[in-house]
Amino acid sequence: ETDWNLPSSDGLIKAPPHDETGHTWHHNNAYLIESIVKGGARLPSDAGVSAMPAYENILNEEEIGAVLSYIQSSWPADILAQQSQR
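Residue numbers for the sequence shown follow the numbering used here, beginning at 462 and rising by one.
Simulated from the structure, these hints should not be mistaken for laboratory data.
Ideal placement from N, C-alpha and C gives every residue a C-beta, glycine not left out.
Careful: at least some of the hints might be erroneous.
Unchecked claim - Pairwise CB distance ranges (calculated): (1) 503 <-> 468: 14 to 20 Å; (2) 547 <-> 465: 18 to 24 Å; (3) 527 <-> 481: 17 to 23 Å; (4) 465 <-> 531: 16 to 22 Å; (5) 522 <-> 467: 29 to 35 Å; (6) 514 <-> 483: 16 to 22 Å; (7) 480 <-> 518: 25 to 31 Å; (8) 464 <-> 504: 14 to 20 Å; (9) 543 <-> 471: 30 to 36 Å; (10) 532 <-> 473: 18 to 24 Å; (11) 470 <-> 528: 24 to 30 Å; (12) 500 <-> 523: 15 to 21 Å; (13) 545 <-> 470: 35 to 41 Å; (14) 503 <-> 465: 17 to 23 Å.
Go ahead and model the full structure; you've got the sequences and the hints to work with.
This is the structure:
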């Protein structure tokens with residue numbers, strides 16, 4: 462979403478781009494998987510409210526892995542290397 466680092470007009474946290482311009486790659490795979498599984502509900506209350514839905518009852522473990530692999534497939538080698546160290 463545009464201006465993803467600013468809250469939306471309804472106060473919700475916007476979705477960041479999942480390429481190297483966003484911050485998705487700043488997190489390790491376990492955190493990203495938890496984010497897919499739990500959605501915005503996994504955020505601490507002081508972090509704000511996200512509209513991201515939980516996919517725990519929608520996607521199975523293999524599908525969640527495929528989502529993460531798809532996101533990571535667009536990252537340049539240097540970003541992949543940095544993210545793998547997190």
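Hint-by-hint comparison with the structure:
At roughly 18 Å, the beta carbons of residue 503 and residue 468 sit within the given window of 14 to 20 Å. The hint said 18 to 24 Å for the Cβ distance between residue 547 and residue 465, and at roughly 20 Å that hint holds. With their beta carbons about 20 Å apart, residue 527 and residue 481 fall inside the hinted range of 17 to 23 Å. Remark: the range hint 16 to 22 Å for residue 465 to residue 531 is upheld by a beta-carbon distance near 19 Å.
Between residue 522 and residue 467 the CB atoms are about 34 Å apart, so this pair conforms to the stated range of 29 to 35 Å. Roughly 19 Å separates the CB atoms of residue 514 and residue 483, a value that falls within the hinted 16 to 22 Å. Taking 25 to 31 Å as the suggested C-beta distance range, the pair residue 480 and residue 518 conforms, at roughly 28 Å. Under the hint 14 to 20 Å, the C-beta atoms of residue 464 and residue 504, about 19 Å apart, fit the expected range.
Separation of residue 543 from residue 471 is about 33 Å and conforms to the stated range, judged on CB atoms against 30 to 36 Å. Checked against the hint of 18 to 24 Å, the pair residue 532 and residue 473 passes, with Cβ atoms roughly 21 Å apart. A beta carbon spacing of about 28 Å between residue 470 and residue 528 agrees with the range 24 to 30 Å that was offered as a hint. Taken as a hint, the range 15 to 21 Å holds for the pair residue 500 and residue 523, whose Cβ atoms sit roughly 19 Å apart.
In this structure, residue 545 and residue 470 meet the distance hint of 35 to 41 Å, their C-beta atoms being roughly 37 Å apart. Remark: the range hint 17 to 23 Å for residue 503 to residue 465 is upheld by a beta-carbon distance near 18 Å.
Hint violations for this structure: none, all hints satisfied.
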